[in-house]
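Peer 1: Add chain B to chain A, keeping to what the hints say.
Sequence order for the protein chains is A and B.
Last residue of the first sequence: number 299 in our numbering, and the count goes up by one each step with no gaps.
Last residue of the second sequence: number 317 in our numbering, and the count goes up by one each step with no gaps.
Among the hints, a few may not be true.
[Stated by the list, open to error] If we take Cβ atoms under 7 Å as the criterion, some of the chain A residues that face chain B in the derived model are: (1) Asp136; (2) Ala140; (3) Phe141; (4) Pro142; (5) Leu229; (6) Phe256; (7) Gly257; (8) Leu258; (9) Ser266; (10) Gly270; (11) Val277; (12) Leu278; (13) Asn281.
Just so you know, the hints here were simulated from the structure itself, not pulled from any lab data.
Positions of the beta carbon are idealized from the N, C-alpha and C atoms, including for glycine.
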Amino acid sequence: MSEEVTSIAVGAPRLREMALGWLQALGRLLRVRLAGPALFFILLVAVVAALAPVISPYDPLVQKADESLQPPSLAHPFGTDQLGRDVLSRMLFGARVALAVSLGAVSFGVALGLSIGIVAGYVRGLVDEVLMRVMDAIVAFPGLILALALMAALGPDLKNVIIAIGVANVPWVARVVRSQTLSVRERDYILAARAVGLGHARIMARHVFPNVLAPVIVQSTLGMGYAVLAEAGLSFLGVGVQPPTPTWGGMLRFAFGLLHQAPWLSLVPGAAIFLLVLSFNILGDALRDVLDPRLRGSI
Amino acid sequence: MQAYIVKRLLQAVPLLLLVTFATYSLILILPGDPVLALFTGGEASLDEEQLAAARAKLGLDKPLPVQYALWLKRALQGDLGVSTQTSREVTEELTKRLPVTAQVGLTALFFSLLISVPAGVLSAVWRNSLLDRVVTVFSVAGAAMPSFWIGMLLILLLSVRLHLLPPVGYVSFLEDPLRALKLMAMPCLVLGWQAAAVITRQTRSAVLEVLREDYVRTAYAKGLRQLRVIGLHVLRNALLPVVTVVGLLIGPLLAGSVIVEQMFAIPGVGRLLVSAVLAQDFPTVQGVVLVVAVAVVTANLLTDLAYAVLDPRIRYR
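Only chain A is shown next, with the shape it has when bound in the complex (with noise of 0.2 Å):
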């Protein structure tokens, strides 16, 4: 009897048959209208991002006095800043900051939203209830406000940006797997793992966790655009991270006050803020459409 129950159970999704899946969906999402240019151009970024100090001509935090404010020329592609510090150099890390903050920031929503959707769905109930209620209170901030409160209250530093941003996440990600929970509480594998007698905590991680993966995915990857934005806000504040770490709010923040002057200091920041924020967006439109076609426009 057990062995029969046992075999039920198996007849969760595998490891092998999902990593398939995936593979299939990533065709599927190339073929979605500009997807494949977003995906290329937020990795083009990531790589860029990663090989800031290998390419990147000058060092960005070099100060040259007698270079300021130069117009783009050969030597400087995109001229350089009242400091006399190269703009593109400076782009390049920049896109570190923009990159990390918002990777930080979505992995640390997901892993909290996806704590307390999964908890709030599976267990229900009174749990469920307060759960959710907490997230409704976090939405009623509005993300950039609540971001300025945290920052005001943890001070401004890399690992805070990326906290005070991440928190505004964790509804989101919260109420969507906590939906897809509900559903998923209902199938049979979970009545058949219940039944073969493993623990709830185990079937939350094994059986509930990787069904409830595909809206969080999408949702992480709009998050993405969100923070990316988020952090350029706060840098433009000057409430982000501090300088003289080159960030593209940062960089924002100053050209503002040289629009005058050098009116091309706040072209190239903000086109790069835009271009990788669109792709985010484009690239989480498109994954909605490909892994969960039931959820378009609902998000």
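Peer 2: Using the frame of chain A, we list chain B on its own:
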């Protein structure tokens, strides 16, 4: 209907309590002694005796729930503490600045509705037309552009190059309406851009959905002209979800005003928040965050109620 309103109001109470508690508990994550942060912006200039007195006055020597209850009681009486930056009452500062933020935010919302609802309707009705494509490109790009970059590009174009508009500053509508409009044009464009992107997308998809309904087909089959079908049957149903979106935009608009006010030197709540964060003026940060969160919860509540009034189906769910 009354039962629905009562139910919804009762649901808002625990949410408001949670939101106020979250705002209060921000001081718990402050590094060091919260009393120092609340009184001096983090600089130790009080001796032990003064610290103890201050702690007792704020109830910080009591257990957390009691501390929170005392804080909430004072907040409900309009006492949000004193700014460590300006030594003025936080409540006084907020009452002075809220109308400014409201003026910019509501003007931005008004103009974005004026543009985005027709744009959304037309791009749905003429699906896949040139207009639809232009509208889609604008709304997708609008969601991805950092608002401060849009602002910088607008200043570059309209002030620096074309000298059409004064770059930054603020005048109340009541003082000098014409100058106020000129000064607010760019901030409203920046703030309204993203709102417009969201409303356009929502309107477009709502209209597309309604266009597929049987009663629309029936209306066409009866021989009604398109304008009448759209005006009478489609819009009345399609604009309902748009109401929800407008209510949900209050939060993003308030967040957006932080950046816009900072850029265009507008003395509103957003600018207050940024200067308070930079100066570690914690009572002010708490005050602004509290007002914003309560405003968002209230706006969501009003949206739900408005929706129930407009769409009878909601009440019976």
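Peer 1: Now, for every hint given, state plainly whether the structure supports it.
Peer 2: Quick rundown of the hints versus the structure:
1. The beta carbon of Asp136 (chain A) is positioned within 7 Å of a beta carbon in chain B (closest approach about 6 Å), and the interface hint is therefore held.
2. Here the hint on Ala140 (chain A) is kept, as its CB sits about 5 Å from the closest CB of chain B, short of 7 Å.
3. This hint holds: Phe141 (chain A) has a C-beta 5 Å from the nearest C-beta of chain B, less than the 7 Å allowed.
4. Interface hint at Pro142 (chain A): satisfied, since its Cβ lies 4 Å from the closest Cβ of chain B, which is below the 7 Å cut-off.
5. Against a cut-off of 7 Å between C-beta atoms, the interface hint on Leu229 (chain A) holds, since the closest Cβ of chain B lies about 6 Å away.
6. Hint status for Phe256 (chain A): holds, given a least beta-carbon distance of 6 Å to chain B, under 7 Å.
7. At a threshold of 7 Å, the smallest CB-CB gap from Gly257 (chain A) to chain B is about 11 Å, leaving the interface hint violated.
8. Interface restraint check for Leu258 (chain A): the shortest CB-CB distance to chain B comes to about 10 Å, outside 7 Å, so the restraint is violated.
9. The beta carbon of Ser266 (chain A) comes within 5 Å of a beta carbon in chain B, closer than 7 Å, and the hint placing it at the interface holds.
10. Against a cut-off of 7 Å between C-beta atoms, the interface hint on Gly270 (chain A) holds, since the closest Cβ of chain B lies about 3 Å away.
11. A cut of 7 Å between beta carbons decides the hint on Val277 (chain A): the least distance to chain B is about 4 Å, and the hint holds.
12. For Leu278 (chain A), the suggested interface contact is upheld, since its CB lies about 4 Å from the closest CB of chain B, less than 7 Å.
13. Because the smallest distance between the Cβ of Asn281 (chain A) and any Cβ of chain B comes to about 6 Å, under 7 Å, the interface hint for this residue holds.
Comparing the model with each numbered hint stated earlier shows that hints 7 and 8 do not hold.
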